[in-house]
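Can you make the complete structure from the sequences, with help from the hints?
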Amino acid sequence: MSHYVQPQHEHDPDPLEGRTALVQGGLSFHEITEKVARVIEHPHRNWWLAFVPSVALLGVFVISIAWLFWEGVGIWGHNNPVMWAWPIITFVFWVGIGHAGTLISAILFLFRQKWRTSINRGAEAMTIFAVICALMFPTIHVGRVWALYWALPIPNQMQMWPNFRSPLLWDVFAVSTYFTVSLLFWYVGLIPDLATMRDRAKTRIRQVAYGIFALGWRGSHRHWVNYESAYLLLAAMATPLVLSVHSIVSFDFAVSQLPGWHTTIFPPYFVAGAIFSGFGMVLTLMIPLRKWFGLEQIITIKHLENMAKIILLTGSMVGYAYGLEFFIAWYSGNPLETFAFFNRAFGDYSWAYWIMMSCNVITPQLIWFKGVRRSPTALFVLSIFVNIGMWFERFVIVVTSLHHDFLPSSWDYFSPTAWDWATLVGSFGLFFTLFLLFLRYLPLIAITEVKAVTLRANPHYVDPGDGDDDGHGHSHDRVAAPTSAKLSGPIERAGVVDSVHDDDDDPGPGGDSRGGAKVVVKAPPKADSPANGDDDDGPTKVDRSPISSEALLVASEAAAAARKAADNRLDAAKKPADDGDAAAKADANEAVPEAGKGGEDSKQFKFSPPKLSDQDAGEGGTDKE
Amino acid sequence: MAKRTKTYGLLAEYETPAALYRACEKVRDAGYAAWDAHTPFPVHGLERAMGLRPSIVPYIVAVMGFTGAGLGFLLQYWSSTEAYALIISAKPYNSYPAFVPVTFELGILLGSFGAVFGMFGINRLPQLYHSLFNSKRFYRFSDDRFFISIEARDAKYDPERTRKLLEATGAASVEEVED
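First to last, the sequence lines map onto chains A and B.
For the first sequence, counting from 1, position 148 maps to 148 in my numbering; every step adds exactly one.
For the second sequence, counting from 1, position 92 maps to 92 in my numbering; every step adds exactly one.
Derived by calculation from the structure, the hints in this document are not laboratory data.
For glycine and all other residues, C-beta sits at the position ideal for the given N, C-alpha and C.
Hints should not be assumed to be uniformly reliable.
What the hints assert, rightly or not - Pairwise CB distance ranges, derived in the manner of DEER restraints: (1) A:410 to B:67: 44 to 50 angstroms; (2) A:49 to B:71: 46 to 52 angstroms; (3) B:90 to A:327: 50 to 56 angstroms; (4) B:74 to A:350: 46 to 52 angstroms; (5) A:55 to B:82: 37 to 43 angstroms; (6) B:88 to A:380: 45 to 51 angstroms.
Said to hold, decoys possible - When the alpha-carbon atoms are kept at most 25 angstroms apart in a straight line, the in silico SDA-like pairs for lysine to any residue are as follows: (7) B:91 to A:159; (8) A:302 to A:312; (9) A:202 to B:136; (10) B:136 to A:209; (11) B:91 to B:71; (12) B:91 to A:251; (13) B:26 to A:460; (14) B:91 to A:256; (15) B:26 to A:461; (16) B:26 to A:222; (17) A:202 to B:134; (18) A:114 to B:144.
Structural data, given as structure tokens:
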């Protein structure tokens, strides 16, 4: 083992990372499960308030597409120079939103940014649904949807093959690969959580449904080894993938020769914009959700602040790109290019340009103020601006470059029709319907991963043994409570529960799922215990310690009571155990160690690794002398 | 223990990752082969405590990834030069720089299939029935408990001695699981 000292409390900074714990409130593993699963098992009433309008909007989407298929793309506002407008704008908008999810799930994973664990599931779901929305637009835009398969390299009776030199075909491959890989990544991450939901299921339908998708996951470490390897590799492949996808989307424009499109900074500029808009959408979704579902301890202000910082960074990069485009337009001396950009800022669509500038460049600068980036309300408003601004960015790029093309006689002004609007607004209906169904049936937070970043998940974490599991106790501040307990063995220390360390990190009223653990149990360390020797076995020697048969009898009864109490608490986790249980456990503790083991939930008994226990035993001995 | 004709093995329960980690070291040192640990999340470094070899998933991914990229390039090369040779934008038939994006995407796509389905294959998933699910306690593996299972088919398995070993590791409970 190294000399690395694992922090024992969430407020202690990690000696290597200099950071404090991510999951606040000293949540135990079980409490994390409860908090996340409750969202599914007891849906918030606001869910319906959100779901009904979303489905209504989805209906608008379906109707507008049906009318489109019936009537053709003429129902849209396209005209001769602006031959693709609304669908490509909205396509780029939705693909961009997806990128934040992959950034959070893959890139931050590779950089070991553990804060991602609280938000990655929701962000990945957002990615998948956003890409579904995005894929709708090129699909419906081709006009003859039934011929869409021509874009795929499928042998056909016409003996035709797609043109692999076209960026639009690259898009087909990039976006469909992106969708597939995102879906796989999301599903692989979900498997252990689906197993959690399966094992908690109260109804047969849920058990079977979650069970099928959990694939019979049994948490085997032999599986985890392969699982983690696969997950890491998926992250490693999704990282260049996400960068390639928006680069290829930008090639749709950059590879053409139109002024305002034909620039080399498009790929990085598009990727930055995509991440910017995606984080905007993550904030838009997560800020209400954490509030409604009581997930503030898991998605903390710190998480929001980190996302706000990424928005500030990418927003500034986008602002820099806007400026650089103007510089190059002037510096290149190309009159067409200069005209295109002058027209952008001061031409027919200057209103759109300045909406874009204010929403993407100016308002995000407020994030420099700590008060703004730590205020969920302010961030929510800002994130809406980001969403609006990034949609207008694509509008400005597409429409301003097209509506004044090389032939002034064909210049025209593009105005969307009602069907354009219906399709755009309807796509939000599709997105929110899918996202709300996800919220309703799948865990919003990656339960497994959040557990893995808590302090106590580290195998070197030494539970201070106070039963409160808040990791607060250090050996010196534990109160020794001498009693008449005669027993030795694995109970190495006085388990003064709760009362000593009942400070701010206590998980609130009812937060302690073990309920009955809030009792003072006394069993002082015994230096002369035969089981506390220097040998590696530590607790194992307990079998040999002399125990009277009477004590055993008492102990087994107490253990049975404690086990029963534990089972009861499994069902009603928040229900505090009554005094009888507590007394039973106290008896058990005093009587015999095995009894404590039997009472699986009675946290008074802690089997610490021998290092600490030996040391404690030593301390105890010194005290005695 | 009541006599049973068929036993899957013994299942020991632990309360903390630390307890499990130390127990795994002991089971490993005792020389068992057909055993496993079951945890709600991947306990860091447990593969060392269990003496497991590294995963072979990366090799599958590498093979699949390069296969995908290679096939992707061949598809584009063949369709652009043989099957449907057209001069487009005055570019050569084999305009290989333009084939890079699709080559890359297909490499990633097949590599990801390799990672996910390779992992399923090695882990023999889906396996909807498993003897361990006969244990009532075992269901907490997906919540907050840590388990070690030692299978009866292990050569060193002995109902009494193995149980002793597991009890000696500080297990909160040890139980026999039916097959």
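Now the hints, each set against the structure:
1. A:410 to B:67: 44 to 50 angstroms: Cβ of residue 410 (chain A) to Cβ of residue 67 (chain B): about 48 angstroms, so the range 44 to 50 angstroms holds.
2. A:49 to B:71: 46 to 52 angstroms: 50 angstroms, holds
3. B:90 to A:327: 50 to 56 angstroms: 32 angstroms, violated
4. B:74 to A:350: 46 to 52 angstroms: 50 angstroms, holds
5. A:55 to B:82: 37 to 43 angstroms: 50 angstroms, violated
6. B:88 to A:380: 45 to 51 angstroms: With a Cβ separation near 48 angstroms, residue 88 (chain B) and residue 380 (chain A) satisfy 45 to 51 angstroms, so the hint holds.
7. B:91 to A:159: Roughly 21 angstroms between the alpha carbons, so the hint for residue 91 (chain B) and residue 159 (chain A) holds.
8. A:302 to A:312: Since the Cα atoms of residue 302 (chain A) and residue 312 (chain A) sit roughly 15 angstroms apart, the hinted pair holds (cutoff 25 angstroms).
9. A:202 to B:136: At roughly 14 angstroms apart (the allowed maximum being 25 angstroms), residue 136 (chain B) and residue 202 (chain A) satisfy the hint.
10. B:136 to A:209: Satisfied, since the Cα-Cα distance of roughly 20 angstroms is no more than 25 angstroms.
11. B:91 to B:71: 22 angstroms, holds
12. B:91 to A:251: 18 angstroms, holds
13. B:26 to A:460: 16 angstroms, holds
14. B:91 to A:256: Holds, at about 15 angstroms.
15. B:26 to A:461: Satisfied, since the Cα-Cα distance of roughly 19 angstroms is no more than 25 angstroms.
16. B:26 to A:222: 17 angstroms, holds
17. A:202 to B:134: Distance of about 17 angstroms is within 25 angstroms: holds.
18. A:114 to B:144: Distance ~20 angstroms between residue 114 (chain A) and residue 144 (chain B) Cα, so the pair holds.
Checked against the numbered hints above, the structure breaks hints 3 and 5 and satisfies the rest.
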